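**Q** Residue numbers (the numbering used here), protein chains in the order written: chain A, 1 to 378; chain B, 1 to 378; chain C, 1 to 378; chain D, 1 to 378.
Keep in mind the hints are simulated off the structure, nothing from the lab.
Accuracy of the hints is not assured; some may be wrong.
Remember, identical chains collapse to one label, so a pair may be satisfied in a single copy or spanning two.
[Unchecked claim] Derived pair list, reagent style DSBU-like, types lysine-lysine, alpha-carbon separation capped at 35 Å: (1) Lys336 <-> Lys55; (2) Lys71 <-> Lys280; (3) Lys2 <-> Lys369; (4) Lys306 <-> Lys60; (5) Lys55 <-> Lys212; (6) Lys93 <-> Lys342; (7) Lys286 <-> Lys306; (8) Lys336 <-> Lys369; (9) Lys46 <-> Lys342; (10) Lys306 <-> Lys46; (11) Lys286 <-> Lys123; (12) Lys286 <-> Lys369; (13) Lys46 <-> Lys336; (14) Lys60 <-> Lys280; (15) Lys93 <-> Lys369; (16) Lys212 <-> Lys369; (17) Lys2 <-> Lys306; (18) Lys93 <-> Lys212; (19) Lys113 <-> Lys286; (20) Lys369 <-> Lys280.
All values derive from a computational prediction rather than experimental measurement.
Number of protein chains: 4
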Amino acid sequence: MKLRYGMVGGGQGSFIGAAHRRSINLDGQAELVCGSFSRDYENTLKTGEELGLPKDRLYKTYGEMAKAEAKREDGIDFVVVVTPNASHFEICKAFLEAGIHVACDKPLAVTAKQARELVALAKKKGLLFLVTYTYMGHVTAKHAARIIASGQIGRVRAVMAEYPQGWLADEHSDGGKQGSWRIDPAQSGGVNCLGDLGTHVENAVATMTGLKIKRLLAKLDVVVPGRVLDDNDYVMVEYEGGATGLYWTSQVAIGHDNSLRVRIYGESGSIQWFQEEPEKITVIGKDGSLTEHHRGYPTIAPDAAKYGRLPSGHPEGWLEAMANLYLSFMQCLRAKKDGSFKSDMIDYPTVEDGAAGIEFVEACLRSAKSGNVWVDVP
Amino acid sequence: MKLRYGMVGGGQGSFIGAAHRRSINLDGQAELVCGSFSRDYENTLKTGEELGLPKDRLYKTYGEMAKAEAKREDGIDFVVVVTPNASHFEICKAFLEAGIHVACDKPLAVTAKQARELVALAKKKGLLFLVTYTYMGHVTAKHAARIIASGQIGRVRAVMAEYPQGWLADEHSDGGKQGSWRIDPAQSGGVNCLGDLGTHVENAVATMTGLKIKRLLAKLDVVVPGRVLDDNDYVMVEYEGGATGLYWTSQVAIGHDNSLRVRIYGESGSIQWFQEEPEKITVIGKDGSLTEHHRGYPTIAPDAAKYGRLPSGHPEGWLEAMANLYLSFMQCLRAKKDGSFKSDMIDYPTVEDGAAGIEFVEACLRSAKSGNVWVDVP
Amino acid sequence: MKLRYGMVGGGQGSFIGAAHRRSINLDGQAELVCGSFSRDYENTLKTGEELGLPKDRLYKTYGEMAKAEAKREDGIDFVVVVTPNASHFEICKAFLEAGIHVACDKPLAVTAKQARELVALAKKKGLLFLVTYTYMGHVTAKHAARIIASGQIGRVRAVMAEYPQGWLADEHSDGGKQGSWRIDPAQSGGVNCLGDLGTHVENAVATMTGLKIKRLLAKLDVVVPGRVLDDNDYVMVEYEGGATGLYWTSQVAIGHDNSLRVRIYGESGSIQWFQEEPEKITVIGKDGSLTEHHRGYPTIAPDAAKYGRLPSGHPEGWLEAMANLYLSFMQCLRAKKDGSFKSDMIDYPTVEDGAAGIEFVEACLRSAKSGNVWVDVP
Amino acid sequence: MKLRYGMVGGGQGSFIGAAHRRSINLDGQAELVCGSFSRDYENTLKTGEELGLPKDRLYKTYGEMAKAEAKREDGIDFVVVVTPNASHFEICKAFLEAGIHVACDKPLAVTAKQARELVALAKKKGLLFLVTYTYMGHVTAKHAARIIASGQIGRVRAVMAEYPQGWLADEHSDGGKQGSWRIDPAQSGGVNCLGDLGTHVENAVATMTGLKIKRLLAKLDVVVPGRVLDDNDYVMVEYEGGATGLYWTSQVAIGHDNSLRVRIYGESGSIQWFQEEPEKITVIGKDGSLTEHHRGYPTIAPDAAKYGRLPSGHPEGWLEAMANLYLSFMQCLRAKKDGSFKSDMIDYPTVEDGAAGIEFVEACLRSAKSGNVWVDVP
C-alpha cells in the first residue's frame with residue numbers, strides 16, 4: 001500500500017516543492033493527496049489541479065489542513081513542509097499537534113527556542129520527524145559516516161568543510177524567487193548564507209564524523225553592497241574531544257554552484273567528499289595513496305550501498321539523495337503503523353539534527369555580534 | 001490528464017524495467033496500468049501486485065496484452081518494451097500492428113532486416129516510436145548537438161568515441177542476471193559488446209554531430225577465454241563528407257563503469273563530453289583554452305537547458321536523462337492525440353535511429369568476418 | 001659572462017641546497033664557485049669536492065666566506081643562503097655588510113625585528129635581495145597577478161588559501177632530516193607549520209592580489225601528541241579595503257603533499273590556482289563558466305608567458321619556478337653591474353616580501369597567545 | 001669528473017637543442033664543449049659564443065666535428081644529435097664510425113634500413129646509443145613498466161594509447177619553425193604525425209608492457225587541406241601473445257597539447273598514465289577502485305623512485321624526464337670508461353628501441369598504402 005502525504009508550500013514557481021514531489025515519486029511508495037501550496041489560494045488551486053488533486057483537499061491554510069486531515073479516515077500519513085524558513089516552526093507545530101508525522105525542509109526553524117520546542121513536541125507525541133538535509137542521503141555520504149565510525153581513518157583530528165555558491169555575487173541580483181526571501185531578514189530569520197548553507201555544513205560534518213561542536217568563533221560578513229544579511233561566513237570550530245574544524249560558506253564565490261565539500265583528516269587516513277560529484281568518495285591511507293571508490297562498488301559499506309538504484313557509472317544525483325531520506329523515513333513510518341518500529345531503524349536526519357543546526361546558527365550569531373569571540377554551543 | 005502505459009519485460013530482478021518506471025514516475029505524466037513483465041507468469045503476477053496493478057491487466061503474453069489493450073477504451077497510450085534484445089522485434093511489431101505507440105530499449109532489434117521492417121511499419125501506421133538511447137537525454141548531450149549544428153566548432157574533422165566497461169573482465173563471472181543473456185548468442189543476436197555498447201557509441205556520435213557513416217572497418221574480439229561473443233571491439237569509421245572516427249567498446253576494461261566518452265574535433269574548436277559526468281561539457285576554442293559549462297548555466301542552449309529540473313550543482317543523472325526522452329515522447333504523443341503534432345517536435349531517438357544502430361552492428365560484423373576490411377554502411 | 005655565486009648551507013643530505021643549484025644550472029647563467037655548506041667542515045669539504053670546487057674556496061664559516069669573497073677580484077656576485085631558518089638573519093647580515101647581493105630561502109628570519117633590520121641594511125647598502133618563495137616563479141602564478149591587477153575579475157572580495165601537507169601526521173615520525181629541525185623550537189624560531197607553510201600562503205596571496213593584511217585572528221594548534229610546535233593552523237584575515245580571507249596550513253593532513261591552493265573571488269569573476277598543477281590556471285567569468293588556461297597559450301599575459309621554456313603540454317615544474325626567480329634576480333644583478341638597473345625590473349620576491357612574511361607570523365603568534373583575538377599587522 | 005659532450009643541431013631558434021642542454025645541466029654531470037649547431041655556420045658561431053664555447057670547437061660540419069673530436073685527447077665523450085629527422089642517420093653514423101657514443105633525438109632515422117644499419121654499427125663498435133624518447137624518463141612511466149613486469153595487473157589484454165596535439169589544426173599555420181620541417185616530406189621522411197607522435201606511442205607501450213607488435217593495420221590521413229603529409233592517424237595493433245591495441249595520433253585535435261595517454265588493461269587490473277600529469281599514476285584493482293600514486297610515495301617501485309629529485313607535490317616535469325635518460329646513459333658511459341659496464345645497467349631507450357619505432361612507421365605506411373590491410377612488423 002502506498003502511503004498518503006500532503007504538502008505545505010511548493011506552489012507554482014517553487015523549485016523545492018516540485019523537487020520533493022519528484023523524489024517521493026521516484027520509488028512510488030507514497031502518493032500526494034492534499035496540499036496547501038501557497039498563502040495565495042489561487043496558486044494552491046492551480047497547483048492542485050495541475051497535480052490532479054481533488055478540490056476538497058486543497059486547503060486555504062495549513063491549520064485548516066492539519067485539522068481536516070487528522071479527522072479523515074483516509075487522512076495523510078505525513079506532511080511535507082517546504083515553505084520559507086520563517087514559517088517552518090508554526091506549520092510543523094500545527095501538524096505535530098494534530099498527530100501527523102512531519103518532513104520539513106531545513107533549516108528547521110528560525111530560533112533555537114522554536115527548534116527545542118519542536119524536538120520536545122515530536123518526542124511527546126511519539127511522531128517521526130524528517131529534516132531534509134538532502135545531501136546526507138547520498139550513498140557515498142553514508143559510506144563516509146560508516147568508515148569513520150569503523151575507525152578506518154583513526155580518531156578525527158581536523159575537518160575542512162565549505163559550501164560556496166556564486167549566484168548572489170551580483171549586487172543587482174536578488175537571485176530570483178529562490179533568492180529574494182533568503183536575503184530578506186523577515187522571512188529568513190536574521191541570517192542568510194549561514195542559515196541556508198552553514199546548516200548544511202554543520203549537518204554534513206556532524207553526520208559523517210559524529211563529532212559534537214563544543215565551541216566556535218564566527219565571522220559573518222556582508223560582502224555585496226546594499227545587502228542586509230550575511231553572504232560570506234567563516235567559522236572556527238572546536239569539537240568535544242579536541243578535534244578542530246574550519247567552515248566556509250559563501251554566496252558570492254563566483255565559479256561555485258552548490259559546492260559543499262567535506263574533508264576529514266584522521267590519525268591514519270583521511271576522506272574527501274564533494275556533493276557535486278556524489279558518485280565517488282576518495283579515501284586516503286597512511287601511505288598517501290588516494291583511492292577513489294564509486295557507488296556500486298563492492299568496497300562500499302553494505303548498509304550504505306543498499307540505497308543505490310543504478311549500476312555504478314550511471315549517475316545518481318540529488319533527487320536520489322532526497323529519495324533515500326524519504327525511503328528510510330517511510331520505512332520507519334510503516335513500522336510505526338505495524339508496531340515494529342525501533343529507533344535504530346532511523347537512517348535520516350531527525351528533528352534533533354535540525355535543532356542542532358539552529359543551535360549552531362545562533363552560536364555563530366552570538367560570536368559574530370560579540371566581535372568574533374569563542375562561544376559555547378549548547 | 002496522465003497518459004497510460006503498459007510494460008513488457010521488467011519483472012522482478014530486472015534492473016532496466018524498474019529504471020524505466022522510475023524515470024516515467026519522475027515527472028508524473030504517465031501511469032503504469034498493465035504489463036506482461038516476464039515469460040514466467042508467476043513473476044508477472046508478483047511484479048504486478050507489487051506495483052499495485054489489477055490482476056486482469058497482468059497478461060500471460062505480450063501478444064495477448066497488445067490485443068486486449070487495443071480493444072479497451074481505457075487502453076494504454078504506449079507500451080514500454082524492456083526485454084532481452086532478441087525479443088524486441090516481435091514485441092514491438094505486435095504493438096505497432098495493434099496501433100499502439102512504442103518505447104523500446106536499445107538495441108532496437110537483432111537484424112537490420114527486422115529494424116527496417118519496424119521503421120516501415122511505424123511509418124505506415126503513423127505511430128510514434130522511441131528507442132531509449134538514454135544518454136542522449138542529458139542536457140549537455142543536447143547542448144553538444146546544438147552547438148555543433150550552430151557551426152561553433154566548424155566542420156567536424158575527427159571523432160574519438162569509446163564506451164569501456166570492466167564488469168565482464170573476469171572469466172568466472174557471468175555478470176549476474178544482467179550479464180548472462182548478453183553473452184548468450186541466442187538471446188543477444190550474435191553480438192554482445194558491440195550490440196550493447198557499440199550502438200550507444202554510434203548513436204551518441206550521430207546525434208551530436210549529425211554525421212552519417214559511409215563505411216567502416218571493424219575488429220571484434222573475444223578476450224576472455226571461454227566466451228563466445230565479442231567483449232572488446234575496435235572500429236574505424238569514415239563519415240560522408242570526409243570526417244573520420246575511431247570507436248572503442250569493451251567489457252573487460254577494468255576501471256571503467258559506463259565510460260561513454262565522446263570527443264569531437266572541428267576546424268575551429270572541439271567538444272568533450274563524458275556520460276559519467278553528465279552535468280558538464282567542455283568546449284575548446286581555437287586558442288586552446290578549455291571552457292567547462294555546467295547544466296543550468298546561461299551559456300547552455302535554451303532548447304537543451306529547458307530539460308533541467310534542478311539548479312546547477314545539484315546533480316541530475318541517468319534517470320533524468322531517460323525521463324527527458326520520455327518527456328519529449330509524451331509531449332509528441334499528446335500532440336498526436338489533440339492533432340497538433342508536427343515532426344519537428346520530436347526531440348528523442350526514433351525507430352530510424354534504432355535502425356541505424358543495427359545497420360552499424362551488421363556492417364561491423366560483415367567487416368570483422370571478412371578479415372577487417374572496409375564495408376559500406378547502407 | 002656567467003655570474004659567480006657561493007652557497008651557505010646545502011651540504012650533503014640537504015635537499016634544498018641541491019635544488020637551488022639545479023635551478024640555477026637550468027639556464028646556465030651562473031656558476032657556483034665557493035661555499036660553506038655545513039657547520040661541519042668535513043661535510044663542506046666533501047660537498048665541495050663533489051661539486052668540483054677548489055679547496056681554497058671551501059670555507060669553515062660563513063663569516064670567513066663573506067670577508068674573503070668580498071676581497072677577491074673574482075669574488076662572488078651573490079650568495080645563496082639555504083640554512084635552517086634560525087641562522088638566516090646572521091648570515092644574510094654578514095653578506096650584506098660585506099657588500100654582497102643575497103638570495104635567501106624563506107622564511108627570511110625568525111623575528112620581525114631581524115627582518116626589518118635586513119630590509120634597512122639592504123636598502124642602505126643598495127644591494128639586491130631575493131627571498132625564494134619558489135611558487136611565485138610559476139608562469140601561471142605570475143599570470144594570476146597580472147590579470148587581477150588588470151581588473152579582469154573586479155575588486156577582490158574574498159580569498160581562500162591553504163597549504164596542507166601530511167608528512168608529519170605520524171607521531172613517531174620526525175620527518176627525517178628535513179623534518180627534525182622544523183619541529184625543534186630552537187632551530188625554527190618558535191613556529192613550525194606557520195613559519196614554513198603559512199609564509200608561503202601569505203606571500204602567494206599578497207603577490208597575486210596585491211592586498212595588504214590589516215588585521216588577523218589566528219588559531220595555532222599542536223595536533224600530534226608530544227610535539228611542541230604548531231602543526232595545524234587557521235587564520236582569519238582582513239585586508240585593507242575590506243576584502244577578507246581564510247588561511248589553513250597543516251602538516252597532519254594525510255593525502256596532501258605540497259597542496260598550496262589559492263582561490264580568489266572578485267566582483268566579476270574568480271581565479272583558482274594550485275601549486276601541484278602549476279601548468280594551468282582556471283579563470284571563472286561572471287556567467288559561471290570555468291576556463292582553463294595552460295602555460296604556453298596565447299591567452300597568457302606576455303610578461304608572465306616569457307618565462308616559459310617548453311611548449312605547453314611538456315610540463316614545467318618546481319625547478320623551473322625557482323629558476324624563474326633567479327632569472328629575474330640575475331637580470332637585475334647584471335643591470336646593477338652595467339648601471340642600467342631600475343626598480344621596476346624586479347620580478348621576484350624581495351627582502352620586503354620576506355619581512356612581510358615574518359610580520360604575518362608574529363601577528364599570528366600574538367593573536368594565538370591572546371586567545372585568538374584580532375591583532376593589527378604592521 | 002664531468003663528462004664532455006658536443007651537439008649537432010640546436011642552434012639559435014631551436015627549441016629541442018636548448019631543452020637537451022638544460023636537461024643535461026640539471027645534474028651537472030656533463031659539460032658542453034663543442035658543437036655544430038646549424039648548417040648555417042653563422043648560427044653555429046653565434047650559438048657557440050652565447051654558450052661560451054671556444055671558437056676552435058665550433059665546427060662547420062658534423063663530419064669535421066666527428067673527426068676532430070675523435071682525435072683530441074680532451075675530445076667529447078658523447079655527441080647529442082638534435083637535427084631534423086632526415087639527417088639523423090648520416091650524423092649518427094659519422095660519430096659511431098669515429099668511435100663516439102651517441103645520444104640522438106627520436107625518431108632515430110627515416111627508413112628501417114637506416115635504423116638497422118645504426119643498430120649493427122653501434123653493436124660492432126661497442127658504443128652506447130641513447131634515443132631520447134623523453135617521456136619514458138618519468139618516474140611514473142618507469143613505475144608502470146615495473147608493476148606490469150611484476151604481474152600486478154596480470155597478463156595484458158588491451159592497450160589504448162593516444163597522442164593528440166592541436167597546434168597544426170589551422171590550415172594557414174605552418175606551426176612556426178618547429179612545425180615547418182615536420183610537414184615537409186623532404187625533411188621528415190615521408191611521414192609527419194606518425195613519425196613524430198606515433199613513434200612516441202609505440203615506444204611508450206613497448207616500454208611499459210614489454211609487448212612486441214606482431215601485425216598492424218593503419219589508416220593515415222591528411223585532414224587539413226593543402227597539407228601533403230599525414231596529420232591524423234589510426235592504428236589497430238596485434239601483439240605477440242594475443243593482446244591488442246588501438247593507437248591514435250593527431251596534430252589537428254584542438255584542445256590537446258602533448259596529450260600522450262596510455263591505458264593498459266590486464267586480467268586483474270589496469271593502469272592509466274598521462275604524460276601531461278607525469279607526477280601520478282593510476283592503478284585500478286580487480287574491485288574497480290582507482291588508486292592514485294604520486295612520485296615520491298613509498299608505494300613507488302624503488303628502482304623507479306630513485307630518479308626523483310624533489311619531494312612529492314613539488315612537480316617535476318619534462319626536463320627531469322629527459323635528464324633521467326641522460327643520467328642512466330652517463331652512468332653507463334662512466335662504467336664503459338672504468339670497465340664496470342654491464343648491459344643490465346641500461347635504463348634508457350636504446351638504438352634498438354629507436355629502430356623498433358622506424359619499423360613501426362614503415363609497417364604503418366605499408367598498411368595505409370595497401371588500403372588499410374594487416375601487415376606484419378619485423
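**Q** Can you name, in rising order, the numbers of the hints this structure does not satisfy?
**A** Structure breaks hints 2, 3, 5, 8, 11, 14, 19 and 20.
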